[in-house]
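K.L.:
Spelled out from the first residue to the last, the chains are:
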Amino acid sequence: MTRGDGTRRNWVRLDNASNIFLAARSDSDPKVFRISAEMDHDVDPVLLQQALDATYDRYPLYHAVLRRGVFWYYLQDSDLRPRVTGDRQHTCAPIYQADRRNLLFRVMHHRQRIILEIFHALSDGTGALWFLTDLVTAYVSLRHPEQPSTQGESGAGSDAHADRGQLDARTPAGEGAEPTHGLVADSFAHYFRRRRRHEAPASEPDFSTGPGPAAPGSGVVGGRARFARGIPRRIGRFFHLPERKVYRVRGTRTPDNRTRAVELTMPAHDVLNLARAAEVPLTMFLTALFFESIRASAGDLGKARTLSASAPVNLRQFFPSTSPRNFFATVRVDHTYGEGADDVGSIGRQLDAQFSPKVSPEALEKTLRQFIRLEGLFVLRVIPRPLKDVILRLVNWGNNRGLSIAVSNLGRVSLPDSVDEHVGRMSFHVSAARPQICVMSHAGVLTISFTSPCVETDHIKEFARLLTDRGVAVTVAAARVTEEELAEAAL
Amino acid sequence: MRRCDACAVDIEGAWVRCPLCGTAVAGEATPSPLPSIPLTFSRRRVVRVLFFTSLAVILASFAAQLLFSHELTGLGMIRSVWLGLSAMWLVVLMAVRKRRNLAKSTVYLVVIVGLICVYWDYLSGWPGWSVTYAIPILCASSIVALLITVRLMRIETSEHVVYSVLTVLLGLAPIGFLAFGWVTNALPSIICGGLSLIVLALLQLVGGRTVRHELGKRLHV
Ligand SMILES: [Zn+2]
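Line by line, the protein sequences are chains A and B. Using my numbering, read the first sequence as starting at 1 and increasing by one per residue. Using my numbering, read the second sequence as starting at 492 and increasing by one per residue.
Only chain A is shown next, with the shape it has when bound in the complex (with noise of 0.2 Å):
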């Protein structure tokens, strides 16, 4: 196919921040996101395909398949055409498969939700935010025409990353980047490989804040990653054990190493109000109540009384970038129970004292740069591939075991005007190798998104437990797992 029409194909390497999904990638967690928007009616197949038609155009990136050299993966251009689906797989089931040459994503339907997903190697959830606005976008243009056009519409600030989405696809990441090839450079290189100092420029966020107060750093987190930029230090300490034993949940898997994902709907107010209250950034507090949670439904954590948690942080807000391709680090924050307060004010408060410093630009930039040289190092630039992979697939599995939870918050998602009244509630699902909880919030409903790799349920139970006896009304859907449920549903 390649070779064969004559002419040649574009290319980019992947970075080291995507080769860890290929490396990392397991039955049980394929490194797949999904991201979905709920309409205000049951979804039109054929003005889904138009929309997805018209989108797909615009973003060269989504048009590559993943590709295996002999030191590196590549993302190479493809003439393929997607297809909408109708929801027809499990939620977050793989995409990629080496050796077959299909798109990194797909987008499907059921009922009222246009569902995207997306293999992690490709883009981050900010990145698939942008294609999945876009898509939506064109799709409501499509179904109600007698509306104002979107693109006509502008100066609401709400519409800029919107807007953007659709220019990075057409411009190169960044002015000076190398030349593109059609697909877009990543923002590490550009950033974090040159010498090129950046002032913070936090007068400019790329991305919409979470909806949590306005403290620095709380509610930014986007994009979703469970594995550390700053794999340096996470090498260190897996070479120099932690101090203290890490709890892991551990559970019976799933009968078809299918993820488990409950999603818990709330009014997004409440929560927030909660969180004030305990002066707290959403993002932490959330990380504070899953904690507890796990804690209530271990019963005992025994020797390992600390928690852990990852939490991925968009790197765009601090170093702008209109580039889709992953742009996030990870950031790691634990709590040890019966060391003073364990209520979940104070867990939030001392997570936060934690995460804060870590997110500064300055203390990004560092990890970054030590990481991207680390990248850039000859010995590493000439192992094989194979080899990478197993380095990374240690790497990950020392990181794995210093991690009880993940927390991932794309936070307060706004779409242009014309099409935000179509919209309700949007979730964001992610295959994972741990209990993991995603957050979205979108028309004043908040969704947090539960995903596992096991069938249990009993820290999802306490959670939504924590938040009612606090008087959050909470709704729950959950898709079915195991023979039982599955049986029950075909009654």
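By construction, these hints were calculated from the structure, which means they are not laboratory data. Incorrect hints may appear among the rest.
Said to hold, decoys possible - The following residues of chain B were derived to be distant from chain A, with all beta-carbon distances above 10 Å:
#, residue
1, Phe543
2, Leu576
3, Leu581
4, Ala625
5, Val653
6, Ala677
7, Ala692
Unchecked claim - Below are the DSSO-like pairs computed for lysine-lysine, each with C-alpha atoms no more than 30 Å apart in a straight line:
#, chain 1, residue 1, chain 2, residue 2
8, A, Lys245, B, Lys589
9, B, Lys589, A, Lys388
10, A, Lys303, A, Lys388
Said to hold, decoys possible - Which chain A residues face chain B? A few, computed with CB under 10 Å, are given here:
#, residue
11, Gln89
12, Gly251
13, Arg253
14, Gln354
15, Ser356
16, Glu462
17, Ala464
For every residue, glycine included, the Cβ atom is placed at its ideal position computed from N, Cα and C.
For chain A, the structure is supplied; the task is to place chain B with the ligand on it using the hints.
P.N.:
Relative to the frame of chain A, chain B with the ligand by itself:
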């Protein structure tokens, strides 16, 4: 929408029991935003099928070994290899099956490996190596191994005691071999029997009550 009163949550979809806590739920069912996707496979079922197929194949191959006459030269090597492979696979299957209970899997292992050795011995014209060497050594070393692992892994006495006693009792069998005069060398049987007696006495001392309690619990009708 359905509602779980225990969790105080509303539930989307036609759940009969709360997906979080399992309490029966009431109310009008609403469609779920997440479709019910049939299982592509069930890991538990796959493992079960694999287990029973392997077991059937192994037992059939053991039975087939009977048909080969002892005199056929040249077949001895292939037979040994095949028997060895099937025996190994059988032991692995049993170990996987019983992996959560260490003492229990030790008993299974000793019994299975012991029986395989006797069968093998019989097939090769009964030179008697299985009762003279294989079984006493197997029993004695599994007793020692059990003592060490129980100690190192700090397994609660009540967890392992019944099967530990069984292992030790199996260790007494070589004394019987000795008595019946089946063995060509008495030493392995004597060592194994002696070790079993000592451990049995020890167990009686430290865990006698636990053993009786556990036995009472498990044999309760
Ligand atoms: Zn319930």
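K.L.:
Indicate, hint by hint, whether the structure satisfies it.
P.N.:
These are the hints, each one checked on the structure:
1. Non-interface status of Phe543 (chain B) relative to chain A is upheld: no Cβ of that chain comes within 10 Å, the nearest being about 18 Å off.
2. Distance check for Leu576 (chain B) against chain A: the nearest CB is about 28 Å away, which clears 10 Å, and the non-interface claim stands.
3. Listed as outside the interface, Leu581 (chain B) is consistent with that label: its C-beta sits roughly 25 Å from the nearest C-beta of chain A, beyond the 10 Å cut-off.
4. The claim that Ala625 (chain B) lies off the interface holds: its Cβ sits roughly 38 Å from the closest Cβ of chain A, which is beyond the 10 Å cut-off.
5. Under the 10 Å C-beta cut-off, the non-interface status given to Val653 (chain B) relative to chain A holds; the minimum distance is some 25 Å.
6. Consistency note on Ala677 (chain B): stated as away from chain A, and its beta-carbon is indeed over 10 Å from all of that chain's, at 49 Å minimum.
7. In this structure Ala692 (chain B) is separated from chain A by more than 10 Å, as the shortest Cβ-Cβ distance comes to about 34 Å.
8. A C-alpha spacing of about 28 Å is found between Lys245 (chain A) and Lys589 (chain B), which places the hinted pair at or below 30 Å, so the restraint holds.
9. Only pairs whose Cα atoms come within 30 Å are accepted, and Lys589 (chain B) paired with Lys388 (chain A) is rejected, the gap being roughly 37 Å.
10. Taking the CA atoms of Lys303 (chain A) and Lys388 (chain A), the gap is near 35 Å; set against the 30 Å cutoff, the hint is violated.
11. The beta carbon of Gln89 (chain A) is positioned within 10 Å of a beta carbon in chain B (closest approach about 6 Å), and the interface hint is therefore held.
12. At its closest, the beta carbon of Gly251 (chain A) sits 14 Å from a beta carbon of chain B; the interface hint therefore is violated under the 10 Å criterion.
13. With 10 Å as the threshold, the beta carbon of Arg253 (chain A) comes within range of chain B, its nearest partner Cβ sitting at about 7 Å, so the hint holds.
14. With its C-beta approaching chain B no nearer than about 30 Å, Gln354 (chain A) sits outside the 10 Å limit, and its interface hint is violated.
15. Interface restraint check for Ser356 (chain A): the shortest CB-CB distance to chain B comes to about 32 Å, outside 10 Å, so the restraint is violated.
16. With a cut of 10 Å, the hint placing Glu462 (chain A) at the interface with chain B holds, because the nearest CB-to-CB distance is about 9 Å.
17. For Ala464 (chain A), the shortest C-beta to C-beta distance to chain B is roughly 5 Å, which falls under 10 Å, so the interface hint holds.
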